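2 protein chains.
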Amino acid sequence: MSNVDRRILKSQEAIKKAVIELMSEKSFDQITIQDISDRANVSRRTIYLHYLDKFDLLDKIIEEHINELRELAESASEMGFINGNLIWFEYFESHYLFFSTMLVSKGAPSFRRQFLEFVMEVLKGEVNLTEGKNHGINEEVFLRFIAGAYLEIVEWWFKNGMPCPPQIIAEQVGVLIERIVYLDKITTKNCEHNRR
Amino acid sequence: MSNVDRRILKSQEAIKKAVIELMSEKSFDQITIQDISDRANVSRRTIYLHYLDKFDLLDKIIEEHINELRELAESASEMGFINGNLIWFEYFESHYLFFSTMLVSKGAPSFRRQFLEFVMEVLKGEVNLTEGKNHGINEEVFLRFIAGAYLEIVEWWFKNGMPCPPQIIAEQVGVLIERIVYLDKITTKNCEHNRR
DNA sequence: AACGATTCGTGCATTAATGCACAAATCGTT
DNA sequence: AACGATTTGTGCATTAATGCACGAATCGTT
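Chains as they are written, first to last, in my numbering: chain A, 635 to 830; chain B, 635 to 830.
One or more hints might be untrue.
Because identical chains share one entry, a pair is satisfied inside a single copy or across any pair of copies.
To be verified - Here are the computed lysine-lysine pairs in the DSSO-like style, where the Cα-Cα straight-line distance is at most 27 Å:
| id | residue 1 | residue 2 |
| --- | --- | --- |
| 1 | K644 | K694 |
| 2 | K688 | K660 |
| 3 | K644 | K793 |
| 4 | K758 | K651 |
| 5 | K644 | K758 |
| 6 | K644 | K688 |
| 7 | K688 | K651 |
| 8 | K651 | K694 |
Source of the hints: derived by calculation from the structure; they are not laboratory data. Predicted, not measured: the structure shown is a model, and the values here were computed from it.
All chains should be built: construct the whole structure from the sequences, respecting the hints.
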């Protein structure tokens with residue numbers, strides 16, 4: 635794990651933190667590399683040591699969060715949607731500045747789409763819709779339906795400054811998702827297999 | 635000013651911050667260099683690059699704050715005791731962890747004495763007791779009297795978790811000090827000189 | 001379109017930070 | 001006092017970060 639030089643970690647942390655902060659203050663395209671290096675208290679040269687340009691930098695930040703969420707989802711795959719959701723919402727909460735900025739900012743319009751496709755990907759691994767009866771619903775439609783609902787709630791939650799704690803919102807959304815997925819399960823043969 | 639390499643500043647900041655934090659958690663003599671480097675996220679070697687040992691490190695931290703207070707006092711020498719005091723108390727407040735730790739911790743018993751002598755030194759530059767009539771009060775006694783009173787208040791303020799804002803405590807202490815110093819002034823010939 | 005100013009991206013020499021290894025010193029327990 | 005374990009302080013080779021200088025690209029104004 636941590637045989638990466640701590641200087642690299644510290645520099646990258648400072649740089650990424652600076653970008654998030656700046657994005658909450660002005661739009662991404664009017665942020666200069668100089669701004670970032672000033673805020674991060676790092677030489678401008680150091681940024682180019684790790685990233686191609688600010689777009690590459692933003693990509694890497696996004697990718698990192700997505701990967702973190704993916705790992706959380708894997709470790710929580712046995713927990714059902716309610717508790718699995720809780721882990722995600724807790725992660726959202728602890729990275730409030732990032733997610734609220736990314737979902738609000740006009741500078742990263744690709745994030746919503748990227749995030750939605752990622753949610754679909756995770757759902758696909760969870761619900762196992764391909765096995766058993768598909769009962770006439772196209773998989774793409776099924777996944778996108780839930781992911782869209784989910785993302786809408788997440789965006790609402792952030793834009794309203796997290797009006798309720800992760801426990802509450804995670805449970806409510808978890809219940810709703812399970813209602814959809816569970817209906818699917820009881821109409822398919824592999825119900826018991828899924829529940830194990 | 636800032637032609638010092640930013641890496642040096644960052645490392646030293648992290649190290650000093652780590653020491654203060656650790657001192658608020660355990661006594662100075664049971665803090666190891668390893669503790670400090672872990673907390674500061676800095677190589678143990680880096681600490682020895684800047685400091686001889688942890689005592690030298692603590693000395694430098696203290697010295698820095700003293701120098702900062704000295705500069706504040708110089709720039710505020712024309713302000714009278716009330717507003718001059720305010721600047722100090724605001725500095726105390728913004729470095730709460732350091733001062734409360736140093737005045738409570740048993741690991742730095744020298745700090746109180748060092749701090750008191752510094753207060754006397756600053757007072758000496760302010761009250762100009764040597765010129766004019768000394769009206770029979772020994773200078774050492776005069777300065778130590780006020781400094782002791784001052785330090786007692788500062789310690790009380792910290793140990794009680796800053797029960798009132800800097801404005802209030804600074805004004806009250808300022809009034810009391812001026813009462814002593816002013817009485818001195820009106821019994822000496824250089825009253826107008828001091829007031830200019 | 002022309003322009004000056006700003007920002008970008010890179011090469012390069014220098015300096016700071018790092019991690020490791022090691023012997024000496026110190027600590028804590030028996 | 002003896003012992004092992006921990007901590008200390010240092011040497012050393014390697015790597016990351018820095019600051020500066022430079023031409024190219026981009027931006028904003030006229």
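Structure-based check of all given hints:
{"no.": "1", "hint": "K644 to K694", "verdict": "both (16 Å within a copy, 25 Å between copies)"}
{"no.": "2", "hint": "K688 to K660", "verdict": "within (14 Å within a copy, 43 Å between copies)"}
{"no.": "3", "hint": "K644 to K793", "verdict": "neither (30 Å within a copy, 35 Å between copies)"}
{"no.": "4", "hint": "K758 to K651", "verdict": "neither (32 Å within a copy, 47 Å between copies)"}
{"no.": "5", "hint": "K644 to K758", "verdict": "neither (36 Å within a copy, 46 Å between copies)"}
{"no.": "6", "hint": "K644 to K688", "verdict": "both (18 Å within a copy, 24 Å between copies)"}
{"no.": "7", "hint": "K688 to K651", "verdict": "within (13 Å within a copy, 31 Å between copies)"}
{"no.": "8", "hint": "K651 to K694", "verdict": "within (13 Å within a copy, 30 Å between copies)"}
Hints 3, 4, 5 from the earlier list are contradicted by this structure; the remaining hints agree with it.
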